[in-house]
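Protein chains: 2
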Amino acid sequence: VEDRFALMADQRHSGLAKPQGSLGRLETLAAQLATIARVCPPPAVGNPGLIIAAGDHGVHAQGVSPWPQEITTLMVESFCAGRASANAIASACGVRVMVLDAGIAKPPADHPVIRTAGIMNGTRDLHVEPAMTVDECTAAILAGAALADRMIDTGADLLALGDMGIANTTPSAALIAAFTGQSADLVTGRGTGIDDRTLDLKKTVVADALARHGEDRDPLRTLASLGGLEHAALAGVALAAAARRVPVLLDGVNTVAAALAAVALCPDVLGYLIAGHRSVEPGASAGLAHLGLEPILDLELRLGEGTGALLAVPIVRSAAAVLREVAGLDELGA
Amino acid sequence: VEDRFALMADQRHSGLAKPQGSLGRLETLAAQLATIARVCPPPAVGNPGLIIAAGDHGVHAQGVSPWPQEITTLMVESFCAGRASANAIASACGVRVMVLDAGIAKPPADHPVIRTAGIMNGTRDLHVEPAMTVDECTAAILAGAALADRMIDTGADLLALGDMGIANTTPSAALIAAFTGQSADLVTGRGTGIDDRTLDLKKTVVADALARHGEDRDPLRTLASLGGLEHAALAGVALAAAARRVPVLLDGVNTVAAALAAVALCPDVLGYLIAGHRSVEPGASAGLAHLGLEPILDLELRLGEGTGALLAVPIVRSAAAVLREVAGLDELGA
Numbered sequence: 001v002e003d004r005f006a007l008m009a010d011q012r013h014s015g016l017a018k019p020q021g022s023l024g025r026l027e028t029l030a031a032q033l034a035t036i037a038r039v040c041p042p043p044a045v046g047n048p049g050l051i052i053a054a055g056d057h058g059v060h061a062q063g064v065s066p067w068p069q070e071i072t073t074l075m076v077e078s079f080c081a082g083r084a085s086a087n088a089i090a091s092a093c094g095v096r097v098m099v100l101d102a103g104i105a106k107p108p109a110d111h112p113v114i115r116t117a118g119i120m121n122g123t124r125d126l127h128v129e130p131a132m133t134v135d136e137c138t139a140a141i142l143a144g145a146a147l148a149d150r151m152i153d154t155g156a157d158l159l160a161l162g163d164m165g166i167a168n169t170t171p172s173a174a175l176i177a178a179f180t181g182q183s184a185d186l187v188t189g190r191g192t193g194i195d196d197r198t199l200d201l202k203k204t205v206v207a208d209a210l211a212r213h214g215e216d217r218d219p220l221r222t223l224a225s226l227g228g229l230e231h232a233a234l235a236g237v238a239l240a241a242a243a244r245r246v247p248v249l250l251d252g253v254n255t256v257a258a259a260l261a262a263v264a265l266c267p268d269v270l271g272y273l274i275a276g277h278r279s280v281e282p283g284a285s286a287g288l289a290h291l292g293l294e295p296i297l298d299l300e301l302r303l304g305e306g307t308g309a310l311l312a313v314p315i316v317r318s319a320a321a322v323l324r325e326v327a328g329l330d331e332l333g334a
Numbered sequence: 001v002e003d004r005f006a007l008m009a010d011q012r013h014s015g016l017a018k019p020q021g022s023l024g025r026l027e028t029l030a031a032q033l034a035t036i037a038r039v040c041p042p043p044a045v046g047n048p049g050l051i052i053a054a055g056d057h058g059v060h061a062q063g064v065s066p067w068p069q070e071i072t073t074l075m076v077e078s079f080c081a082g083r084a085s086a087n088a089i090a091s092a093c094g095v096r097v098m099v100l101d102a103g104i105a106k107p108p109a110d111h112p113v114i115r116t117a118g119i120m121n122g123t124r125d126l127h128v129e130p131a132m133t134v135d136e137c138t139a140a141i142l143a144g145a146a147l148a149d150r151m152i153d154t155g156a157d158l159l160a161l162g163d164m165g166i167a168n169t170t171p172s173a174a175l176i177a178a179f180t181g182q183s184a185d186l187v188t189g190r191g192t193g194i195d196d197r198t199l200d201l202k203k204t205v206v207a208d209a210l211a212r213h214g215e216d217r218d219p220l221r222t223l224a225s226l227g228g229l230e231h232a233a234l235a236g237v238a239l240a241a242a243a244r245r246v247p248v249l250l251d252g253v254n255t256v257a258a259a260l261a262a263v264a265l266c267p268d269v270l271g272y273l274i275a276g277h278r279s280v281e282p283g284a285s286a287g288l289a290h291l292g293l294e295p296i297l298d299l300e301l302r303l304g305e306g307t308g309a310l311l312a313v314p315i316v317r318s319a320a321a322v323l324r325e326v327a328g329l330d331e332l333g334a
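Chains as they are written, first to last, in our numbering: chain A, 1 to 334; chain B, 1 to 334.
Source of the hints: derived by calculation from the structure; they are not laboratory data.
Any given hint could turn out to be false.
To be verified - Which bits of chain B does chain A cover? Going by a derived footprint, with three or more residues having C-beta under 8 Å, they are: (1) 6 to 19; (2) 87 to 98; (3) 322 to 333.
To be verified - Each computed SDA-like pair below joins lysine to any residue, with the alpha-carbon atoms no more than 25 Å apart: (4) Lys203/B - Gly24/A; (5) Lys106/B - Gly333/A; (6) Lys106/B - Gly328/A; (7) Lys106/A - Thr192/B; (8) Lys106/A - Leu332/B; (9) Lys106/A - Lys203/B; (10) Lys106/B - Asp330/A; (11) Lys106/A - Glu331/B; (12) Lys203/A - Pro19/B.
Since we're looking at a predicted model, the values are computed, not measured.
C-beta atoms are modelled at their ideal positions from N, C-alpha and C, and glycine is treated no differently.
Throw the hints in and build the complete structure from the sequences for me.
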C-alpha cells in the first residue's frame with residue numbers, strides 16, 4: 001500500500017509542465033521525500049549535513065589491512081583541516097561536514113568540527129571476542145544519535161553518513177553477513193584494495209568471527225559482537241534522523257552495514273534511507289539488495305568518507321526542487 | 001596514447017591521501033578535465049552554464065507528437081519565468097541558464113535570458129524535403145557558437161546542452177541513424193511517451209526521411225537535411241566550447257544527436273564531450289556508444305531541457321575539486 005504523501009507527489013508530478021514520468025528516478029525520490037516529511041511538496045533540501053563517524057578496530061591486529069591504524073587519526077585531522085576528499089566534494093555539493101570520534105585508537109587533536117564519544121579507544125578484536133559490550137555499543141549509538149539531533153536542531157534537513165576507520169570493512173563484512181544471511185566469502189571485499197593473500201585472510205577472519213558469534217541475531221548483540229564503534233554511531237544517526245523525519249543518505253559498505261543494524265533495531269528506519277551510490281565493495285550490494293534499496297549513483301567508488309553520499313545530495317535536492325518549484329501544465333501561458 | 005595532462009592527473013590522484021583508484025569514475029573525469037584545459041590540476045568548475053536551444057519542426061505535421069507546437073513557445077516562456085524543471089534543477093545544482101530561440105514557430109516574448117537566431121520560424125518537413133538549406137543550418141550553428149562564446153566571455157567554465165522543441169526526437173532519430181549507421185527502427189523511441197501506433201508512424205517517417213536523404217554523409221548536408229535548428233545550434237555550442245577548451249556536458253537524445261553532428265564536422269570535439277546521463281530514449285544509447293562515451297548518471301530520465309546534464313554538474317565539479325583541493329599522502333600529519 002502506497003503512502004498518501006507519495007500518492008500526492010505522484011499526482012503533483014503528473015500535473016507539472018512536463019511529459020508524465022519523464023523525470024524517472026527523480027520522481028520516485030521526491031515521492032519518498034514527501035512520505036518522509038509527511039507533506040507534499042516536501043521541504044527543500046537546503047541545509048544538508050554529513051556525519052563522518054570514525055573508529056579503530058581490534059581486528060586490525062589480524063593483518064586484514066595494509067594501512068597502519070594511525071591513518072584513522074591522520075585522516076580525521078585531514079577532515080578537520082578541510083583537506084580530504086570528503087571536504088572537497090562536500091564543498092562542491094554544498095554540504096556541511098561534522099566528524100564524530102566514535103572510538104579512535106589515538107584520539108585526534110580537538111577541533112570545532114569534531115565531537116568525541118569518549119567510550120573507548122577502538123574495539124576489541126572481533127576475531128577472538130565481542131568487539132564491544134552491549135553497553136559500549138549502546139553508548140556509541142547514542143553518541144551518533146546525539147550528534148544527529150544537534151545537527152537537526154541547527155537546521156540540517158538531510159543527513160549523509162560517512163565513515164573512517166582503518167580495517168573497518170572487516171566488521172562491515174561480518175555485520176552484512178550476519179544481517180543478510182549471505183556467506184563471508186560473498187560479502188567480503190578488497191576494501192581499500194588489498195591483495196589476494198590478504199583477501200583470503202580477511203574472508204577467514206570474517207567467517208571465524210561469524211562462527212564465534214553463533215546464531216544469535218539479536219540486533220544489538222550482533223552489532224556489539226561483530227561491529228565497530230563507527231557502525232554503531234552511524235546506526236544511531238539513522239535512528240535519530242528517522243525519529244525526526246529527516247532523510248538519511250547512505251554511502252558505501254560501512255554505512256550500509258550500519259543501516260542494516262539500524263533497520264534490524266527499528267524496521268521503520270528503512271523508509272528514511274536513500275542509497276547514495278553503489279560501492280564496488282560486494283558487501284554493499286548485498287546489503288542494499290537486502291534492504292531493497294536501489295542506489296542513485298554507480299561511479300565505481302570505494303573510498304568511503306561519505307563521498308558517494310555527498311555526490312548524490314544535489315540529485316536529492318533537485319528532486320525536492322522539481323516538486324516544489326515547477327509550474328503546472330495549467331499555468332503554461334497563463 | 002594517453003594525453004600528458006591525463007597522465008599528470010593520474011599521477012596526482014595516486015599521491016593523494018586516499019586509496020589508489022578509490023574515486024573510480026571521478027578520477028577519469030578529472031583526468032579528462034585536465035586534458036581539456038591542458039593543465040593539471042584542472043581549473044575549478046565555478047561558473048557552469050546551460051544553453052537550452054529551442055526550435056520547431058516541419059515534420060510535426062506528420063503527427064509524430066501528440067503535443068501542439070505551441071508548447072515549444074510556452075515552455076521557453078516557462079524557462080524565462082524560471083518555472084520549468086530545468087530551472088529548478090539548475091538552481092539546485094548551481095548552474096546559470098540561457099535560452100537560444102534557434103527557430104521557434106511562434107516566437108516567445110523577449111526576455112533577458114533569450115537570444116534569438118532570427119533565421120526561420122521552424123524547419124521544413126524533413127519527411128518530404130531537406131529541413132534546412134545548408135546556409136540556414138550554418139547560420140544556426142553560428143548562432144549557437146556565438147551564444148557559447150558570449151557565455152564563456154562572461155565566465156562560463158563548463159557548458160551543458162539542453163533542448164526544447166515539440167517533435168524534435170524525430171529529427172534526432174534521423175540524425176543518429178545517419179551518423180551511426182543504425183536502423184530507424186533501432187534508434188527511434190517514444191520521446192515524451194507516444195503510443196504504439198504513433199511510434200510505428202514515427203519509425204516510418206524516420207526511415208522515409210533517411211531514404212529521401214540517401215547516402216550523402218557530408219556532415220553539414222546531413223545535419224541540414226535531417227536535423228532541427230536547435231540541433232544545429234547545439235552543435236555550434238559544442239564546436240565553440242571545444243575551441244575555447246571548455247568542457248561540454250551532454251543531456252539526452254537531442255543533445256547526443258547534436259554532438260554526433262559536431263564530431264562529424266570536427267572530430268577533435270569528441271575530447272571535450274562528457275555524457276551527463278543515459279536517457280531512456282534508445283537513440284541516446286546508440287549515439288553515446290558510437291561516440292564511445294559512458295554516461296555519468298542513469299536515472300531513467302527522458303525530459304530533455306538539459307535536466308540530465310544539470311544533475312551531473314556537481315559530479316564534474318567534484319572531480320575537479322578533488323584534484324585541486326585534496327592533501328597529498330605526504331602531507332598527512334605534517
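Here is how each hint holds up against the structure:
Check on the region 6 to 19 of chain B: 4 of its residues sit with their Cβ under 8 Å from a Cβ of chain A, so the three-residue criterion for coverage holds. Only residues whose beta carbon comes within less than 8 Å of a beta carbon in chain A count, and the region 87 to 98 of chain B has 7; three or more means the coverage holds. A count of 8 residues in the region 322 to 333 of chain B with a Cβ less than 8 Å from any Cβ of chain A is obtained; the coverage claim is therefore met, three being the minimum. Between Lys203/B and Gly24/A the CA atoms are separated by roughly 24 Å; this keeps the pair inside 25 Å, and the hint holds.
Annotation: proposed proximity of Lys106/B to Gly333/A holds, straight-line Cα distance about 13 Å (limit 25 Å). Between Lys106/B and Gly328/A, the direct Cα distance comes to roughly 21 Å. Compliance with the 25 Å bound is thereby established for this hinted pair. Between Lys106/A and Thr192/B the alpha-carbon distance is near 57 Å, which puts this suggested pair outside the 25 Å criterion. Restraint check for Lys106/A and Leu332/B: the C-alpha separation of about 15 Å stays at or below 25 Å, so the hint holds.
Only pairs whose Cα atoms come within 25 Å are accepted, and Lys106/A paired with Lys203/B is rejected, the gap being roughly 67 Å. Taking the CA atoms of Lys106/B and Asp330/A, the gap is about 19 Å. The hint holds against a cut of 25 Å. The straight-line distance between the Cα atoms of Lys106/A and Glu331/B is roughly 19 Å, inside the 25 Å bound, and the hint therefore holds. A C-alpha spacing of about 20 Å is found between Lys203/A and Pro19/B, which places the hinted pair at or below 25 Å, so the restraint holds.
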